Amino acid sequence: MSETAAEPKMAITVDFSGGLEMLFSNQRRHALSIPAHDKDGKPSNIAFLISHLCKTLMKDPRTDLFVLDDHIRPGILVLINDADWELEGEEAYEIQPGDNILFVSTLHGG
Amino acid sequence: MTADTGAASAAPMKSNDRRLTYEEFERYSRQMIVPGMGKHGQLRLINSRILIIGAGGLGCPAAQYIAGAGVGTIGIVDGDTVEISNLHRQVGHATSRLGWKKVDSLIAHLKDINPLPNYIPHPFHLDPQNAADIITQYDLVMDCTDNPATRYLISDVCVLLRKPLVSAASVQKSGQLIVLNCPPAPQGLVDKKYPPCYRCCFKKPPPPSSMVSCGEAGIMGPVVGMMGVAQAGEAIKIIASALHLPPSSTNDLTAPIPERNLQQPTLLIYTYDLESAVGPYSFRALRMAGRRKNCFACGENSTLTLEGIKTGNPNYVTFCSPPTTDHALPPEDRITASKYHETRARGELPAHLLIDTREKEHFSFGAIDGAINVPFGRFLMNAAAIKRDGGPPDQILPAEAALGDDTPIFVVCRRGLDSQETVEKLKELGVDHGGKRKIMDIVGGMKAWKDEVDPTFPFV
Ligand SMILES: [Zn+2]
Chain V
1 MSETAAEPKM AITVDFSGGL EMLFSNQRRH ALSIPAHDKD GKPSNIAFLI SHLCKTLMKD
61 PRTDLFVLDD HIRPGILVLI NDADWELEGE EAYEIQPGDN ILFVSTLHGG
Chain E
1 MTADTGAASA APMKSNDRRL TYEEFERYSR QMIVPGMGKH GQLRLINSRI LIIGAGGLGC
61 PAAQYIAGAG VGTIGIVDGD TVEISNLHRQ VGHATSRLGW KKVDSLIAHL KDINPLPNYI
121 PHPFHLDPQN AADIITQYDL VMDCTDNPAT RYLISDVCVL LRKPLVSAAS VQKSGQLIVL
181 NCPPAPQGLV DKKYPPCYRC CFKKPPPPSS MVSCGEAGIM GPVVGMMGVA QAGEAIKIIA
241 SALHLPPSST NDLTAPIPER NLQQPTLLIY TYDLESAVGP YSFRALRMAG RRKNCFACGE
301 NSTLTLEGIK TGNPNYVTFC SPPTTDHALP PEDRITASKY HETRARGELP AHLLIDTREK
361 EHFSFGAIDG AINVPFGRFL MNAAAIKRDG GPPDQILPAE AALGDDTPIF VVCRRGLDSQ
421 ETVEKLKELG VDHGGKRKIM DIVGGMKAWK DEVDPTFPFV
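Chains V and E are the protein sequences, given in the same order. As numbered in the working numbering, the first sequence has no gaps in its residue numbers, which increase by one up to the final residue, 110. As numbered in the working numbering, the second sequence has no gaps in its residue numbers, which increase by one up to the final residue, 460.
No false leads were slipped in.
Simulated restraints on C-beta separations:
| no. | chain 1 | residue 1 | chain 2 | residue 2 | range |
| --- | --- | --- | --- | --- | --- |
| 1 | V | Asn45 | E | Asn313 | 33 to 41 Å |
| 2 | E | Ile33 | V | Met22 | 42 to 50 Å |
| 3 | V | Thr63 | E | Ala399 | 25 to 33 Å |
Derived from the structure by calculation, the hints contain no laboratory data. The model shown is predicted, which means the values in this text are computed figures rather than measured ones. We put the beta carbon where it would ideally sit given N, CA and C, even for glycine.
Extracted from the complex, chain E is given alone in its bound form (with noise of 0.2 Å):
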């Protein structure tokens, strides 16, 4: 060992200064030649470990890349089985593997890619009980989960532990990706050049009510893949160079963040559109801030603790959720899925109006019979005009329903909240000409027809 290694007193195996098996050459030799990168980028990576938090969407991409580039230990968490609709986005599964749970998955693919580096399931998900005690045992934190309750604690930990977080996300045609708490600085030094948590970021998170997430709005395979091989992009950066670490001849993580491991906070947004060329793909480096003086986390009088976290301070669920009025129609507005095609199958339903609340692509899987698709957007903006402009409210309903005043409206969903919303709306307008005509809700939307009545139904 050499004088600068030597004060790292890591275990002989750590050694960055140890020759690399033949084995080790020919694998990573195309990498290693890279400039910048060297035999030392490689010890470096081969010495880490990497948690990588979410086996899905982001998650498959960013640990194939992972792994292929020899970071020693790579830890997986994740408590789901794989489906069959996971396939098209989550590469690190496969058919022949649908149930299995998918740490054990991802980890079989991953040894196939490279079988050299130490591979460690946990095969449940991250929760507040047992957030720090698996993050400790890693040098770099992944986070490629799909929910925010999930996104505050992992950040709030790694605050905590020091960890530096390469974090990602993606909807629909969109993906976002930020490196966050690198180089980790204590909890409490604020510095505005010192590097934001998620928190400093993104201080609350949406309502519930404007969330969506990629099993209800969906997810195009290649923009979520993205994502993901950038945050591995990322994450081998920062290990290879060091990024993370204090100065190498001392151990001391109170040492001042020397200037060349201070990197500008940036928020990476890639997006297009799939509908029209006249938006062209776009990715745009965004200038964030450093760390806030304020941070409920990392900022000065910042109370968060490992203990408390553990305890259910702060509680993470009401923060993301809060609980919100459910608002339900009166009973004899309502009509249960089964109900409504017993009825209607048996004849005894008078002549109606079926309309189909779902956006157009789910409507184009298939519907009740006779329904007609009136988009819950588009019904929105449509009532909302005819409220400021005037005119009669019949105008709302669509034009192909020749109605009489007294023909009832029946109205469903995908799961049962927006039919409601809108019988509700219907009835504000007028369309219930004084309650000669009903209008009545499906309860439960077509999950309900799925579950009661159709179980071939696609439903989505």
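Pulled out of the complex, with its shape left as it was, chain V reads as follows (with noise of 0.2 Å):
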């Protein structure tokens, strides 16, 4: 909460597709600096993003298409440097500088 000038911050690429993007003002790619820690100390994971992107992000009120019940919603797939978040421990996944996380509404249609 204070404003500690030396807030250690890390540069990271959040992409978002399938739709996604029309929430996040229609832009598909957004190069971001986010704080390298959250507000206990510890590093930054993938929870952590996802809160932090409705609120600095996310322009449209429409946040219940990305998370409910502060997590994210069925039907979205999140990949860590193109790998299913799966593979690298969900939303428990420590953010790396330079990592790109990519959200992905799944498509039905045909």
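Take the two lone chains, each set in its own frame, and fit them into one complex as the hints suggest.
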């Protein structure tokens, strides 16, 4: 909460696909600088990133299209450097500088 | 027959060691000389049976290449008929075949490409009662459908019948493709290196409110076409290389899967932007996890059976669209499209503001005279900003509309849901000035306008 000037940040890219970009200014790629630690001083993980995105990047009020009950909503895949987040520890994965996190909504049309 | 194929004990017609006819050589030579293909690969295609479920934007391009490549038996499942709005993407149909059953139309087209395969029409939709009886007749399944309930059903049956599944989907400007259940391992045999099923990758369907179909959201022909063609590419590769089968010396499906047949499960996504060149088109190959230990369908303690599926367990419809709470506005806040039209035509309606909340692309097709376009998404965003930052509530209304405090507002949308939410939000913000101003919803949206007032209206 306190304004410490030296709050360490890290640079990552966040991508949205499958229609989710609509909720984020219609932009598919965002280069972000996010806090390296959460408010408890723990390294920022994916759960932190999701709430951070809702608070800072999402202008559309329809947050329920992105999160439900504080978790990513069903039907959205999370990819960490192009790998399913299941292979990386899901919400607990600690984000590294330079990481690419991709959120894809699964499609059903044809 | 040579010793190593004798064990397959297939009917002589199905021999993987027969001579090709002159026509077959002529017709397939250009793919047969591709390294890795050869006569063996071609005979595997000729002796195989592929089921294409859905004869639409994915199924049409997929089927063209499956037929062209010489797959011996090709089944097509679809209960729909050809409509003119299909033709920009469903390239297996034609203007001259409008109104035909899609399966018949597509098969007519395929026979023109290649008369040699045996084409089997299934002119109805796949459902839990017929799924297993149809799928069991084939070696590989291509999911070219357009709704999640059918996608989960197809995957479940493919797990139980041990059929490889090539699945694709597409909406608007994005497409996705994944090979599942290939090679098929027995249900309950859990090992991370075994391939996932649809449920392993997509545990739960998205809530219906967040789902859009091609009919509602639109679809670019080349995007869905690309995914259908890629599906055919995967299916041909799997069959021609026998990647779905146990080692050729045995017919034992429980034999361990050879390493060479285990592929890294990969989800391919294709995307592009229409309105800006900032984001170029992109293909991404995403690494997916293997079979999931606790998967409902293929996992360790799965109780899924073919009998269960037939008798409604699981229930695919409720799984994919849980009952929603339907909130309707009180009758005094609503007016039917015909009543609005009649009172307005008789001059009995006071000067008012008519807001149309459809997306601007829909609005560009046409609107009710005098309507002002305020797209729903942008409206919600502005409403949230006013709520957060304060400011006069009337700021949410279009600037070009000069309004008195009691000028009524009517709201119309596509089908009558967004407009109700808009009316609620406007009141919540205080735009009704404590009841001084009436704010009303036009029941059923522009769909109702077309049905009740103007049948020539270009409703999409
Ligand atoms: Zn599974």
